[in-house]
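Chains as they are written, first to last, in the numbering used here: chain E, 1247 to 1557; chain S, 965 to 1216.
Since the hints were made in silico from the structure, they are not lab data.
Keep in mind it's a predicted model, so treat the numbers as computed, not measured.
Check the hints yourself; a few may be wrong.
Some but not every residue of chain S turned toward chain E, in silico, with C-beta under 7 Å [unchecked claim]:
no., residue
1, His1071
2, Met1077
3, Asn1079
These stretches of chain S come out as covered by chain E in the derived footprint (C-beta under 8 Å, 3 or more residues) [claimed, not checked]:
no., region
4, 1029-1036
5, 1041-1052
6, 1061-1069
Note that CB positions come from ideal geometry on N, CA and C, so glycine has one too.
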Amino acid sequence: MKTFIRPSVLIVIFVLCMLPFAFPNAYIVDVAIRICLAGIVAIGLNLLMGFAGQVSIGHAAFVALGAYASGVATIRYGWSPLFALAVGAVGVAVLAYLVAKPILRLRDHTLTMATLGLGIIVHMVLVNEVAWTGGPDGMAVGPMKIGDWVLKGEMSWYALVACLLVLAIVISLNLFSSPAGRALRALHGSEVAAAVMGVNVPSFKVRVFVLSAVFASIAGSLTAHYNSFITPSLAGFMPSVELATMVVVGGMASTFGVVLGACLVVGLPQVFGGFEGFEMVFFGLALMLTVIFMPKGIVPSFAQRFAKRKS
Amino acid sequence: MLDINNLSKSFGGVMAVDDVTFEVASGTIHSVIGPNGAGKTTLFNLITGVYTPTCGNVLFSGKDITGMRPDQLAGLGMSRTFQNLRVCMNMSACENVMLGAHLRLNHGILAGMANLPALARRDAECRDEAHGFMQFAGVGQYVDAHASQMPFGALKRLEIARALATKPTILLLDEPAAGLNHTETGEISELIKKIAGSGLTVVLVEHDMKMVMNISDFVTVLNYGTRLASGTVAEVRQNPEVISAYLGTSVQ
Ligand SMILES: Nc1ncnc2c1ncn2[C@@H]1O[C@H](COP(=O)(O)OP(=O)(O)O)[C@@H](O)[C@H]1O
Ligand SMILES: [Mg+2]
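Pulled out of the complex, with its shape left as it was, chain E reads as follows:
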């Protein structure tokens, strides 16, 4: 609870509150909503990549699964959106568990390969299961409803996702400094040392993978209702690369760094009016330059520089 009133969190809350007043136009608010949604996924992915050091390059698959779970369940089966979102998240959690459990018995980078494979498979299924998903043309999704109340208009959406982003930030900050968070970060530092200290390495890897998938699924469900139209491209390779870029560029393990990463990755193409097909080159370049010049990411690098100057 105390985490909500940390100065850094208060600043984020203040910025989120002021933004719609400072820029009262639908376009900016729309970009802000997309940043919040991406930020939630990236914060989840950061628990896996930044904290635990397990690279996933297929994380968009979980976003897409959440989105389609909501789309299919509400449109084809008439479920209520909130129920569909919850069931989707549970389903994605089970899937992530079933994927990670056998793989993490093996060592090293097999998880990375598996997440890549998962992305491809999910994309294929979404394209081919036309009866459910509408195939490559995608499907329309109804609005978000909570009970009988329909979430309408840019501002209500903004309020919802901004609150959820703050919640995700607080959860991530809490976890960072908790015993479980130290255990996760120790996996990144030295797996064998973590194990000798009592950390059940395979179990923590599986659980953090599942948790990060759930973050993605929930944000995916919301994205589906917000966009009111979804296509299999949600599970494409590009969105996965974008998510990984947010985590690496903003700052591995730094919660605020990852939020900044989401701002840059979602916001910059808007500022420059899109990259017209050169997104891959741009994000690839951004990733490479960060790894070379700021291996810790933007926020941790600057924090370190600042701390040095103070002392």
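We have chain E already, so just place chain S with the ligands on it with the hints.
Here is chain S with the ligands on its own, set in the frame of chain E:
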């Protein structure tokens, strides 16, 4: 305390540890010595569950622990340090040591996400405790430092502090004085004696013969993976095989 029976490990046909048997008595400092490549680190890895033995078994306080994972052994009271530092360089010095309290704290992921006051309080106590262990190991001044800012010698001690923070009954130290200068080696000797004095059983791998002969109660000598000799310091020093194969005449 620790019964090692016919323990063997082969890496693709190379017997790194070959049919080794010896016993570590409770409350003693038991050193394992031998030339480079003799299989000392592999033996530690077998005992602590980092590797599974090809054959043989290990009993810890009478319980068969062969094939158990390191984290399970941590729960039983076994801890160790590493010849090649395994400090988590992405964490602060204090957080490294707090990791030692992992099994005593609520380490559920949901509990961490919620960070309710009870857990926060326990965590604060754990931080104080970690500071205590750092002080004991002689790295108290680094309590606010990041691990990546610490010099090599301090990192070796930090590993000892972290191992102690698990509150083990047996502690395995793999070359704690390697890379340290003369004075530092003396200080580490004192620290090990202090640790053993507090009731822990210590298994020590070390190349510094003066240190080994000074502080050990028992010594086991490995050579090419096999046990050459095992006994008290005096017995091992007089063992002709050991002298010719390893110690040479200089220690006499
Ligand atoms: N993981 C491994 N894979 C293959 N060979 C290994 C491995 N670990 C150790 N060895 C081999 O086992 C032998 C013993 O090594 P080690 O236990 O490190 O010796 P010491 O610690 O006594 O110097 C060496 O020949 C080494 O090359
Ligand atoms: Mg060795």
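Status of each hint after checking the structure:
Because the beta carbon of His1071 (chain S) sits about 4 Å from the nearest beta carbon in chain E, less than 7 Å, this interface hint is met. The criterion of a C-beta within 7 Å of any C-beta in chain E is met by Met1077 (chain S), whose closest approach is roughly 5 Å, and the hint holds. Hint status for Asn1079 (chain S): holds, given a least beta-carbon distance of 4 Å to chain E, under 7 Å. Remark: the region 1029-1036 of chain S is confirmed as covered by chain E, as 3 of its residues place a Cβ nearer than 8 Å to a Cβ of that chain, reaching the required three.
Remark: the region 1041-1052 of chain S is confirmed as covered by chain E, as 6 of its residues place a Cβ nearer than 8 Å to a Cβ of that chain, reaching the required three. Here's how the region 1061-1069 of chain S fares: 7 of its residues keep a CB closer than 8 Å to some CB of chain E, so the rule of at least three is met and the hint holds.
Comparing the model with each numbered hint stated earlier shows that all of them hold.
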